[in-house]
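For chain B, the structure is supplied; the task is to place chain D on it using the hints.
Those protein sequences? They're chains B and D, same order as listed.
Per my numbering, the first sequence starts with residue 1, numbered consecutively.
Per my numbering, the second sequence starts with residue 300, numbered consecutively.
Think of the hints as simulated: they come from the structure by calculation, not from any bench.
Heads up, some of the hints might be wrong.
Unchecked claim - Among the chain B residues that face chain D by a calculated CB cut under 7 Å, a handful are:
| hint | residue |
| --- | --- |
| 1 | D24 |
| 2 | A82 |
| 3 | E97 |
No experiment lies behind these values; they were computed from the predicted model shown.
For each residue, glycine too, the CB sits at the ideal point set by N, CA and C.
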Amino acid sequence: MTSTHPAVELDGLTKSFGAVTAVDGLSLRVQPGEVVAFLGPNGAGKTTTIDMLLGLSRPDTGTVRVLGGTPDDAVARGRVAAVLQTGGLLKDLTVGETVEMTAHFYRHTRPAAEVLERAGITDIAARVVGRCSGGQQQRLRFALALLPDPDLMVLDEPTTGMDVEGRRDFWQALRRDARRGRTVIFATHYLDEADAYADRIVLVRQGRIVADGTTAEIKNLAAGRTVRATLPGADQAALAALPGVDAVEVRGDSVLVRTGDSDAIARHLLTRTAARDVEITSRNLEDAFLALTTAQTGA
Amino acid sequence: MTASTSTRTGVTEPDRRLPALGGFAPGALRIELRRVLRNRRTLAFTLIMPGVFFLIFGLPQGGQSLDNGRPVTAYVMISLAVYAAMVATTSVGGAVATERALGWSRQLRLTPLRPAAYVATKLITAMSLGLLAVVVEFLVGAVAGVRVPAYVWLLSGLAAWIGSLVFAAFGLFIGYLAPAENVMQIIGPVLAVLAMFGGLFVPVEVLPDVLQQVATFTPVYGMGVLARAPLTGDGVSMAAVVNLVVWALVFGVGAARLFRRDTARV
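If we strip away everything but chain B, and leave its shape as in the complex, we get:
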């Protein structure tokens, strides 16, 4: 990579549609070569953020820099390419014609045969798009995105609506292409996809980033257990200071302690405080995801 700029710099993005705030002060920096999953439930603001990142819509406030320039310039120079949910295809062109036509719009592209092969659709090049399955059409969109050999590849929920086999084929195609400094940002609401493919996960909820870390770090959020107890007037700061405590939440008379050492916390609560009704629950990644993306309080 000749560029020393971050691949993506989003700074204080907000975007509202009427009374609904889709993106709410979102800032994110992605370095070249990172594979980042944008993980969140439907309506979290992922697509709106991606639209702004690609220059398809303008933020109400905040700035977008892609590879050191504007999104429009990055698109026009083939430095960024994307596979979007809403990007349509012409049903009456063949797969091969669609690739050929799109290639004409660029100054320079990889050979059509190469992108077809890398997307795994060489065998259906002569098929009319209207007769391709959803998964095949999605791999065609992927082939189109590969044409300019982009520095940054953006994928918005690329496997939505595919069956299990289609999803597997698509990720296999993407993995085959995973290489050599290409930055990849993909939005998904499938936890396993983020886990399997990304090396960094950005969790979004209600237009904000609620967690951002390596896949291992995000998994660690879920590694511990939650100790819940009834403890009126709990000293939140004192509990948070205990060894092994990740987070403490007080909800009325209840206290929730997220920790890697639930035994020690339970012992502490029962012997050193007036806590009662102690419950210990384990958490998995799915719980962490749900907690972070749906609860009112995040990590």
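Just chain D now, kept in the frame of chain B:
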């Protein structure tokens, strides 16, 4: 479209210059034309149907003459050529509505193709199909025995073809008005009514007086008069010229405004 000499792992970076002409490319235009010529529905309505109309409504008038002695069949043939051309150009322009409905326009925004280059491709495609429609109708006429001086073939053909630019703009106007997959099913009947008022199916003079008055203000009237002028020798009325120019402006400006609304980033 040449391959770079190595992959990203190697030494060369891909060529990151902007495409010439906003991405407008003869190669893409060629695929676009092939696409149009593959569309059976388009071919049926622009090439076959007007020819069949001539055989049904024109041929039986063989032997009859206009006031200046020229054959009535030529009058019918030229009128139907105008009709064929306007249906052809409208359908290509109107295809924008289909492509917007399918989301192809959005897909194109992820490429270097500038919207103006896209519209230019559509206009050239529309005018190519329009020209083909005129030529096919004239061929049908010629084979069926229509005989007029060479300058009539040429000038009437050119007028029918160039006049259909108004309907290329009309098609784009409709195309940018609303995304719809089946746009021609909606505007096909509209075109037929406009063609009626434009005197393409029957001479305007046989319509009731009131309708004749109305007809002079409808968008096909001007191009119909202009296309038949070389044949009838009636000369070109100011009303016809004004009609053509005004409608060209209305649809052209309308299409441009809707186009800008569509491509604005929100």
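Verification of the supplied hints:
Violation of the interface hint for D24/B is found here, the shortest Cβ-Cβ separation to chain D being roughly 18 Å, above the 7 Å cut-off. At a threshold of 7 Å, the smallest CB-CB gap from A82/B to chain D is about 5 Å, leaving the interface hint in force. Below 7 Å, beta-carbon pairs count as interface contacts, and E97/B has one with chain D at about 6 Å; its hint therefore holds.
Violated hint: 1 only; the structure is consistent with all others.
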